[in-house]
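Undergrad: Which chain is which? The protein sequence lines are A and B, in order. Numbering-wise, the working numbering puts 336 at position 332 of the first sequence, and it's gapless, one number per residue. Numbering-wise, the working numbering puts 447 at position 52 of the second sequence, and it's gapless, one number per residue.
One thing to keep in mind: the hints can contain errors.
With a straight-line cut-off of 25 angstroms between C-alpha atoms, the simulated SDA-like cross-links for lysine to any residue are [to be verified]:
no., chain 1, residue 1, chain 2, residue 2
1, A, LYS536, B, ALA459
2, A, LYS255, B, ILE660
3, A, LYS255, B, TYR453
4, A, LYS364, B, LYS451
5, A, LYS255, B, LEU542
6, A, LYS280, B, SER651
7, A, LYS430, B, ALA438
8, A, LYS430, A, THR481
9, B, LYS451, A, LYS150
10, A, LYS150, A, LYS255
Covered by chain B, per the in silico footprint, the following chain A stretches (three or more residues, Cβ under 8 angstroms) [stated by the list, open to error]:
no., region
11, 270-278
12, 391-404
Since the hints were made in silico from the structure, they are not lab data. Every residue gets a Cβ at the ideal spot worked out from N, C-alpha and C, and that includes glycine.
Listed below are the residues making up each chain.
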Amino acid sequence: MSSEQQNQPVTGRLGALGRRTFLKAGATAGVVAATLPISQAIWAQSGKVLRARAYADLDALDPGFYQNAYNVDVMNCIYSKLVRYKSGREWDWELEAAEEIEQVDPTHIRFKLRPGIMFTGGYGEMTAEDVKFSFERVIEHDSPIKGDWGPLDHVEVTDKYSGVIVLKEPFQPLWSITLPYGAGHIVSKKAVTEAVADGGSFGMEPPAFSGPYVLKEWKPDQYVHLTRNPEWTGPEPGFDEIRIIPMDDDKTAEIAYEAGDIDYTGISLASLDQYKNDLPDETALEEYPSLYYVWLGQNLDNPELQDPNLRKAIQWAINVPQVLDAAYFGQAQPSTGIIAPGLVGHREASLIPPEGDPEKAREFLKQAGAEGKRLTLETLNASTWKTIAEVIQAQLAQIGLDVQINVQDSGSFWTMGMESEGERWKEIQLIVNRFSMVPDPYYATEWFTCEQVGIWNWERFCSEEFDRLHAEAVTVTDSAKRAAMYHRMQDLMEESGAYRFLTHEGSPVMWRETVVEPSHRPDGRPLYRHFKPV
Amino acid sequence: MAEVPAAGRRFRETALGQHLGQLLRDQLGLLGLVLVLLVVLSALFAGWIAPYDPLKIYAGPRLAPPSWEHWFGTDHLGRDILSRVIAGGQVALQVAAATIAAALTLGIALGLLAGYGPEWLDNLLLLLFDAVRSFPVIIFALAVVTLLGPSLYTVILVVTISSVPIYARIVRTQTQAMKHNEFILAERAMGAGPLRILGVHILPNVVGPLLILASMDVPLVIAVEAGLSFLGMGVRPPTPSWGTILNDGYNYIRNSPWPVIAGGIPIVVVTLGFTFLGEALRDIFDPKLRKDL
Chain A
5 MSSEQQNQPV
15 TGRLGALGRR
25 TFLKAGATAG
35 VVAATLPISQ
45 AIWAQSGKVL
55 RARAYADLDA
65 LDPGFYQNAY
75 NVDVMNCIYS
85 KLVRYKSGRE
95 WDWELEAAEE
105 IEQVDPTHIR
115 FKLRPGIMFT
125 GGYGEMTAED
135 VKFSFERVIE
145 HDSPIKGDWG
155 PLDHVEVTDK
165 YSGVIVLKEP
175 FQPLWSITLP
185 YGAGHIVSKK
195 AVTEAVADGG
205 SFGMEPPAFS
215 GPYVLKEWKP
225 DQYVHLTRNP
235 EWTGPEPGFD
245 EIRIIPMDDD
255 KTAEIAYEAG
265 DIDYTGISLA
275 SLDQYKNDLP
285 DETALEEYPS
295 LYYVWLGQNL
305 DNPELQDPNL
315 RKAIQWAINV
325 PQVLDAAYFG
335 QAQPSTGIIA
345 PGLVGHREAS
355 LIPPEGDPEK
365 AREFLKQAGA
375 EGKRLTLETL
385 NASTWKTIAE
395 VIQAQLAQIG
405 LDVQINVQDS
415 GSFWTMGMES
425 EGERWKEIQL
435 IVNRFSMVPD
445 PYYATEWFTC
455 EQVGIWNWER
465 FCSEEFDRLH
475 AEAVTVTDSA
485 KRAAMYHRMQ
495 DLMEESGAYR
505 FLTHEGSPVM
515 WRETVVEPSH
525 RPDGRPLYRH
535 FKPV
Chain B
396 MAEVPAAGRR
406 FRETALGQHL
416 GQLLRDQLGL
426 LGLVLVLLVV
436 LSALFAGWIA
446 PYDPLKIYAG
456 PRLAPPSWEH
466 WFGTDHLGRD
476 ILSRVIAGGQ
486 VALQVAAATI
496 AAALTLGIAL
506 GLLAGYGPEW
516 LDNLLLLLFD
526 AVRSFPVIIF
536 ALAVVTLLGP
546 SLYTVILVVT
556 ISSVPIYARI
566 VRTQTQAMKH
576 NEFILAERAM
586 GAGPLRILGV
596 HILPNVVGPL
606 LILASMDVPL
616 VIAVEAGLSF
626 LGMGVRPPTP
636 SWGTILNDGY
646 NYIRNSPWPV
656 IAGGIPIVVV
666 TLGFTFLGEA
676 LRDIFDPKLR
686 KDL
């Protein structure tokens, strides 16, 4: 290079290249880069590695203080509990850490641990003292999930491996949600009290593991990496490693699956029909009934919604099958309440027929004198939710209501109705909402009590009868009587005008059948612990 | 009314004619002008051109491919995509016009103040400009949307605030360079106040380059609006915006790619159009950059 060329300004050289030439070259390079199998190179692995997708990232690893189902999916792998959900299509439980367990009477459950279950880090064998510590700390530390343990009084230790769980009063959800789910996991008393002096929450840093896997690494918003527990004495788990990658958007997960970045994922109901007709190679697809419940809520404390006739008009204007056809492409069925089919308390029909009745809605609207009224509808920034909101907006427009949709991102949406987060709960008028649950109706109704107003009860529905039934129903052993109580509770919700029940959705999952043979709960949630390599 | 001298009128006509002639002779400039006119006219006459009501659900079958009835196909709610693209142009141009007008006005005012005012004011305003520019637009938008809620006005506010420092810095630099020129010193010596100096002598000299810059910023502003709407932080549903059309289409891209293609085409057209036109105008008005020199 000559000295003249060296002294030429950089801009001059770029100028000689030409901006358009540069853009052309850049575009060509982009196309070439896009065709390279980069993603596969990044994730190239050896050994038995499962790459699965979670719909959200971890936010709690202490089973006494868990927040959401995706945390429990990981806890199932790294801890043990007395009993666990059976995989399959029917809700049932089976023994895990317990060798024996029986309900001696309505308030006493006797258990005996399987000997030889070891905690990692030199914390020794799992004993009945650990069980006592794990269950009682949930109540003692006023955990947000203490409701899962309901009327737990204490745990009596009878010998090294045996004990008795003592309840203050009968508690039916014990076998369906407490013992086999998050709150039933057993932690090491010694390890936890060393890590946290008062035995409270250890957050995201488990001091010891007792399951077939251990947490090797958690990179927030990137992945959870589980590896085999070398001290595990039970049946060998299927995979050497499990990588769980958080992706909150179903479509992103579907694209990642097709690109070969993951081998197991849930898919959206909107994509189900497409995948049924055109399944990717070496892929299996299964649909499971879901326990989610989706509804349109109305804030009973909002001044604009004080007239019961207006609330009824909104309920009757909504044609649920139309909403579901648009949002789920006909792959979801209308719901009759908050309790899914197959569970105690599921209603055969809602009070308002799914199709609604626009004429009746107009009559109620006329009685309310609210023709042309403007209302707001809050929804999460997710495609299905927005579609639901848009169809409801169009249906309400047909009876003469002018609805403005407010799309909220997840951080903003999930705190909207909480009084602890400010005054935004007052602005809520209509809201599309969705909750998940575990297989006991108690878990569905507990969010709609007066105590939950301003916490998770954003419609601010408060009924003394509802609260009384909610408290009584957990103690009733007669299934028919219990079911009738939950039917009545859902009737009360609907009669208040605050709820229009939409659907329980569905849980389609897809996996690479040349890589993994999965195992699921009846609602389609993964039981990674039992996944096997092919 | 004072009569314009014939020689002066002829000069202006000649200059305008020359510039227009130069623009028409520049192939890319002409293409840019045509594309810009296409977008602007279709947005202005959207009500007459759009074949369907862009908000009407089930105007046709859902996710239908392009056909004679629906040239760009239909979306997941059976809405005509062509009609939504045309209506989306109105949103895009509204945002662009409002944002650039507001950003120019504020940018010029603050830039003149910073460039002509005392040093402490200059330092304070520079600090403010740098502080605003240090926020990535999307993160800034997220914060504002959380506070005010998503709407067209929120988009305009976010993009305006992000754009003001760019214009203000250019005006400041030009003002500082100009304020020590002899003709300004002479004007000051004759007793002219700061307002007269800024308004009559400095402003006309800085505004020309800014207008060219603003024309080239139009696609940038439209892309930001589309990006925010794609992320759900822009216009409220069911208002059509090119970003929301892309977002709606993205969910069905595997089997129905046409909504994404249809939502992307106008963004490409408007970007190319304003870029080509802006480059041609810059070549015309800045002789140093003229290709034939």
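Undergrad: Now tell me if each hint is right for this structure.
TA: Outcome of the hint check:
no., hint, result
1, A/LYS536 to B/ALA459, "violated (41 angstroms)"
2, A/LYS255 to B/ILE660, "holds (22 angstroms)"
3, A/LYS255 to B/TYR453, "holds (24 angstroms)"
4, A/LYS364 to B/LYS451, "holds (24 angstroms)"
5, A/LYS255 to B/LEU542, "violated (28 angstroms)"
6, A/LYS280 to B/SER651, "holds (16 angstroms)"
7, A/LYS430 to B/ALA438, "violated (38 angstroms)"
8, A/LYS430 to A/THR481, "violated (40 angstroms)"
9, B/LYS451 to A/LYS150, "violated (49 angstroms)"
10, A/LYS150 to A/LYS255, "violated (35 angstroms)"
11, 270-278, "holds (count 4)"
12, 391-404, "holds (count 6)"
In summary, the numbered hints that this structure violates are 1, 5, 7, 8, 9 and 10.
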